[in-house]
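Using the sequences provided together with the hints, build the complete structure.
As they're listed, the protein sequences go chains A and B.
The opening residue of the first sequence carries number 1 in my numbering; numbering runs sequentially from there.
The opening residue of the second sequence carries number 1 in my numbering; numbering runs sequentially from there.
Since the hints were derived computationally from the structure, they do not count as laboratory data.
Restricting the straight-line Cα-Cα distance to at most 25 angstroms, the calculated cross-link-like pairs of lysine-lysine (PhoX-like) are:
1) A:K170 - B:K699
2) B:K585 - B:K649
3) A:K23 - B:K442
4) A:K170 - B:K562
5) A:K136 - B:K562
6) A:K136 - B:K441
7) B:K649 - B:K693
8) B:K717 - A:K170
9) B:K556 - A:K23
10) B:K330 - A:K64
11) B:K62 - B:K482
12) B:K441 - A:K112
13) A:K108 - B:K165
14) B:K535 - B:K10
15) A:K174 - B:K717
16) A:K34 - B:K326
17) A:K112 - B:K165
18) B:K279 - B:K26
19) B:K699 - B:K649
20) A:K130 - A:K170
21) A:K136 - B:K556
22) B:K254 - A:K34
23) A:K193 - A:K159
24) A:K124 - A:K194
Which residues of chain A face chain B? A partial, calculated answer using Cβ under 7 angstroms:
25) P9
26) G10
27) F50
28) G111
29) K112
30) R205
The beta-carbon is built from N, C-alpha and C at its ideal position, and this holds for glycine as well.
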Amino acid sequence: MNSSVIVFPGSNCDRDIALALEKLQFKNTMVWHKDTNLPKSDLIVVPGGFSYGDYLRSGAIAAKSNILNEVIKAANEGCFVLGICNGFQILTETGLLKGALLKNKNLKFIGKDIFIKVINVDNKFCNKYKKDQVLKLNIAHNEGNYFTSSDHLKELEDKNLIPFKYCDEKGNIKYENNPNGSLNNIAGIFNDKKNILGMMPHPERMIDQMVSNNDGVNLFTSLLN
Amino acid sequence: MEITNSIVEKHGLKAEEYSKIKDLLKRDPNLLELGIFSAMWNEHCSYKSSRTHLKNLPTKGKNVIQGPGENAGVIDIGDDDAIIFKIESHNHPSFIEPYQGAATGVGGILRDVFTMGARPIALLNSIHFGSPDHPKTKNLLNGVVSGIGGYGNCIGIPTVAGETKFNKTYNENILVNAMAVGHAKKNKIFYSKAKGVNKSVVYVGSKTGRDGIHGASMASAEFNENSEEKKPTVQVGDPFTEKLLMEACLELMKDESIISIQDMGAAGLTSSSVEMASKGNLGIELYLDKIPCREEGMTPYEMMLSESQERMLIILEDGKENDAKKIFEKWDLDFVVIGKTTDTDNLTLKYKNDLAGEIPIDALTSKAPIYDRKWSKTKLPEKKIDTKTLGKIKLQDALIKILSSADQSNKTWVTEQFDQMVMTDTIQRSGGNAAVIRIHKKEKAIAVTVDSSANYCKAHPLTGGKQIVCESWRNLISVGAKPIAITNCLNFGNPENPKVMGEFAECLLGLKEACEFLDYPVVSGNVSFYNGTNKKNIDPTPVIGGVGLIRESGNKINHLLKKEENIILQIGKTFGHLYQSVFFKEIYSIMEGPPPEVNLSNEKNNGEAVLKLINSKLVDSVHDISSGGLILALTEMAISSGYGLKIDKPAKLSNLTEYYFGEDQGRYLLEIEPKNLQNVLKILSKDNIYNEKVATVQKDNLEILGELKIHVDELYKINNTWYNCY
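Below is the structure:
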């Protein structure tokens, strides 16, 4: 499977995601933000980081970059797109995903391991996970507090477009286990066609037992399935 | 413009220093030249008070590639790998503007490391605040922590370890020390020494603004009630631009274009150009019209003294300009040839075709004043407390009080504001004895730690100096690393005060003795004097950053208990030293008496024995015993793992508080499976290492028969309350 990782000047998880993709047998290409051509890809990853510094609203400038036009085109043609952390913020800024990521409820950067529950496995990104499986992933963000209109929130729930929700170690989805204040404990969402996934936790940080655990591996192997 | 006495004074120069300037120039300086002298001769840049003492530190060793004198120290960790690291203070700016002060402290130390060709792989910090009930403390804590995080998180280097402490001595002068650690190939290390005449001097990075003018001079004077007015001398950080600069520099470093490179840190363009020329025994000529400026109408004086961040000076090989320029354009950074190296031995500054200033390089460097300041010795304080007269306190109550104190509380409130995992090589994050970072795509790892013991250093600087080196050494050993070298950040008061100078001199003697004995040389560092306000000096606070090597990162050792029925063995002897202990401070507010004695030979033997046991895979977990003594070390092992401990009563010492809370040095706790015990004891007895069994791992409760019984979950809560309620 061919993957492309979009590299903004302030991306800082680009190396980590590339490493994960290569380890899991993707044929990966790094694509510079000034490029106007996207190599033929089955998966496009918009990685974490601080795209253009994010001194304005996170991801706002990145959403207007050359390469994002190409990503939007590819996404609309059905290519799989994964936005992690800053990548998720950028995807919401482009409109590929609806809603917005507000400042964390405690108004501070949060860097820690959290638990998420896999709610929907009937899609290309999660088919290797078991339904209701609890994963331990890492988050590191200032703005991960997902917000959207009540109509859209209802739609997300009704159409099963929320693959991951924050939970406790045992899988209970409670507000106490919501690190950033996101609506309905949302940790990630799909677009309607489920070919675009945006998520705040970093699966690429959980592919190596030595450093953490292997809970992120199946997200990538699902795509290969 | 005539240089008056008041102008000289405003530049932080003494009258006799000004006459020396006139002698060296054989004329009066103009204002630009005076500014440059002031920037180069201040304490921060010239080390004029510390130099005579610093030269005694051991700086060589079989693993040392580059000792002090460069942007950072370099050590060999085998194969073709080198580790480049340094710690630096940003105390004064952080007190005036905590977020930007701390952020630019991180930015500055990162530049020191990637300037030498290393990709930074870890950040650490040692931050010291005033008393929690001081009105400024909360705001400073918030600002500093988010500033450190704001910079490191954005640039994408994990912040993996540190210490956060509170003491009223820092009420009006906090300490913010940041350490950066990078990895480079041994044959690709870049230095600041210029070579060759007529080589292009290139300015890269951010534009020059009016921020930070005289920052280094500010850092070389005491504060007074008007310090708030110094806010404009604090620089503003831009981690995004630093990321661009880092990537561009590392890209340029892949080929052979760079002759020398130096970041513009304290005293900006002045110190970077002078240092490069000085090291190469060359002159340097700069055309100030070419400096990329952020605002119009900036004067040569402002350009030379600005401390705008995220800038570098590079001396390039002939004919490499175009290729180099392409790289910086790719990263949207300025790249301008602003001068050339010369054979004149002068710093020559031209502006609009005029000579704006000219100073012999050596007048700014080797001929700068050096002071052998008066200093007085500190006697070892006596032991005057009769412990029998102290009010009784139950062991359990004392433990709870200590666990819930500001200094001993769990620091996740701080560390959760840092990205600890980016780069995905952090094997052990903060909270343990030391952080462990894997060398990318390799089996080996490095361990890193920062440590300080201001109260020990205040009580007896000589012992305190030794103790922190040992503490650093022990922390590295405890994660299975062989300690290799240190960097130090020496935070002291006003060196013109003989008592302060004595604290400095004796701490350094202590450092020297311990570093020599443990073969743990100093490869880089920074001196920060004039920490204090209105003649009130801070307690001496040397901070040590240690780096060690773990050959097989697969053998992961931490301080988390692993299994019920396992035995906890203590290495090293307990004498029950309570003076300067956490127990005396937190329970009785007693801050007097001598620090615990340091026996270097025991330290070395005990540490080497522990390392041997770890490498033989005979131990399941390791923790060193430090502040709070045996009971606190045991409690930390329990809390972090969720297991309880059945703790033995002492066989010899009759005084339980002395036994459990004493802070005797050179001690470790080892968790050992019963089946390995005989083997371990055999090895220890062969090496003549004192040891005793102190506890057994059990479920749920921390327990001393008849004295104490608390559930681990309860201990966790007690330990996690302070920050959340502050």
